[in-house]
Amino acid sequence: MTTYRAVVVGCSAGGVHALTTLLAGLAPKLHVPLIVVCHTGSEDVDMLREVLALKSSLPVQEARERHVPQPGTVYLAPAGYHLLVECDGCFALSVDARVCYSRPAIDVLFESAAAHYGAQLIGVVLTGANDDGALGLKAIRDHKGMAIVQLPEDAVASAMPEAALRVAGADHVVVLPDIAPLINHLCMP
Amino acid sequence: MSTIGPGNRPDVEDIELDGFVRALQQRHGYDFSGYAQASLKRRLQSVVHSGGYQNLSELTGRMLRDDALVPEIVSGLSVPVSDMFRNPSVFAALREEVFPLLASYPRINIWQAGCAHGEEVYSLAILLEEAGLYERSQIYATDFSDAALLRAQEGIFPAKEAHTYSENYLAAGGQRTLADYYHSRYERIKLDERLKRNIHFANHNLAADGVFCEAHLILCRNVLIYFNNVLQNEVLGLFRDSLVRGGFLCLGNRESLDFAPAAKAFTPINAKARVYRLAARA
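Protein sequences appear in the order of chains Y and P.
With our numbering, the residue at position 17 of the first sequence is 1076, and numbering never jumps.
With our numbering, the residue at position 198 of the second sequence is 255, and numbering never jumps.
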């Protein structure tokens, strides 16, 4: 059985609600970091961080460049920057062009994380109204990582999970309440 | 190189990246070995894609034999474009907290390292003008990409950005209206020629070149994020050696100095805006 080392999550429209549900259901002693890109369009993610921290069973932080993601911690991509996982496993930031009209972009996080974690990565695509994350999830699957996609009919906005399924496919297509238990199960020590 | 786990072979793309970096350095003298790899890889993918190459190895092979390809490749790897007055609160901090201290100098040298297409250079020139400091200021705007420098010198930006730039300008505490500083033509805006009178554009590579000038303020926003810890630390040392005592350094909003010993020379004066001051040396 694969020992997973990280979970990356992408969402857009409807994402705050979806993340709240997801984070509330995670095991308090999850032994991997959960790294999140959520398109918000706002100047910073302080508000989002505070809202999510209210119900999260894990601490929620903004990802800081050059720092190593710690197990049992939720990291949010800072507003206006792409968040990447560097080859040494540290966070890196970039202000390169938007991808799918977004910065941060889910694809950028997923592709860099796939290159670093290889098969030991779980990618999760939740609700959203564009195609971001589809190519990233494909990169994760190409590296033999695990792909989880929210059931499109269950999502507030179905375009993002639909695009992910069309481009990358998935190992699990599940409703929102089942995603946290699935991650807890997959990441059991 | 990345560790994918025991028993796994190194990724093909990592090997190709190594080969490219070595070829560009040995054959053409551009050293990208101190760059953070994840972003470098992405940028190279887009150079490969837009040039119609099959993969990075093909690009490397062509580049080794054809010098004419180098400027375009280098420009594809240079600092990405910014916005005028990007993060207005930072420009407001410069205007309110740094300019009053700069005002005590009879001549003010400002170095913008990594100027891309000049968005922030012109922003700075406008704020200095409005603060009555521009006549005695010299702004040195540098980049390692000649293509970027040429664009920066033109001072021409897409008209569709004008609205955002104007909002940013006002949020930064601009005292007039941004339209006073540019002419619209077709789909573009062209900044007033007079803004260029004290700006000097020059080629300088932070990864290879030394002290550029004696500066009172260095602006280098979102450039060091592309460097690994070693190069980041070296460049911070370069900034330290380039600043006058009590000089100022402004970095990007989310840059971290936590792993750079050279950062000890700097004291944050506005941590949120990433504005630092060089401690006075004995």
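No wet-lab data here; the hints were simulated from the structure.
You may find that some hints are simply not true.
A few chain P residues that face chain Y, going by a derived Cβ cut-off under 10 angstroms, partial list only [claimed, not checked]: (1) D68; (2) D71; (3) G86; (4) S90; (5) G91; (6) K98; (7) R99; (8) S132; (9) V136; (10) Y162; (11) R164; (12) Q289; (13) E291; (14) S299; (15) R302; (16) G309.
Glycine included, every Cβ here is placed at the ideal spot set by N, Cα and C.
*asked:* A closest beta-carbon separation below 10 angstroms is what the hint needs, so does V136 of chain P meet it against chain Y?
replied: holds, 9 angstroms
*Can the hint on R302 of chain P be confirmed by a CB-to-CB distance to chain Y that is less than 10 angstroms?*
violated, 28 angstroms
*Going by Cβ atoms only, is Y162 of chain P closer than 10 angstroms to chain Y?*
The hint is violated - Y162 of chain P has no Cβ within 10 angstroms of chain Y, the shortest such distance being about 31 angstroms.
*Hint check: is the beta carbon of D71 of chain P less than 10 angstroms from a beta carbon of chain Y?*
Holds - the Cβ of D71 of chain P comes within 10 angstroms of chain Y, reaching about 7 angstroms at its closest.
*Was the hint right that S132 of chain P lines chain Y, CB cutoff 10 angstroms?*
Violated. Min distance 14 angstroms.
*Go through the hint on G91 of chain P and say holds or violated, using the shortest Cβ distance to chain Y against 10 angstroms.*
violated, 13 angstroms
*Regarding the hint that S299 of chain P lies at the interface with chain Y, is the smallest CB-CB distance below 10 angstroms?*
This hint is violated: S299 of chain P lies away from chain Y, its Cβ roughly 23 angstroms from the closest one there, beyond 10 angstroms.
*Are D68 of chain P and chain Y close enough, Cβ to Cβ, to be under 10 angstroms, as the hint says?*
holds, 7 angstroms
*Do the numbers back the hint for R164 of chain P, that is, is its least Cβ distance to chain Y under 10 angstroms?*
violated, 32 angstroms
*Mind checking the CB of G309 of chain P against every CB in chain Y and telling me if the closest is under 10 angstroms?*
At 8 angstroms from the nearest chain Y Cβ, G309 of chain P passes the 10 angstroms test, so the hint holds.
_Quick check on R99 of chain P please, does its C-beta sit within 10 angstroms of some C-beta on chain Y?_
At about 7 angstroms, which falls below the 10 angstroms cut-off, the nearest Cβ of chain Y leaves the hint on R99 of chain P intact, so it holds.
*Under the criterion of a CB-CB separation shorter than 10 angstroms, is Q289 of chain P in contact with chain Y as hinted?*
Holds, because the Cβ-Cβ distance from Q289 of chain P to chain Y comes to roughly 8 angstroms (cut-off 10 angstroms).
Taken one by one, the earlier hints fail for this structure at numbers 3, 4, 5, 8, 10, 11, 13, 14 and 15, listed in ascending order.
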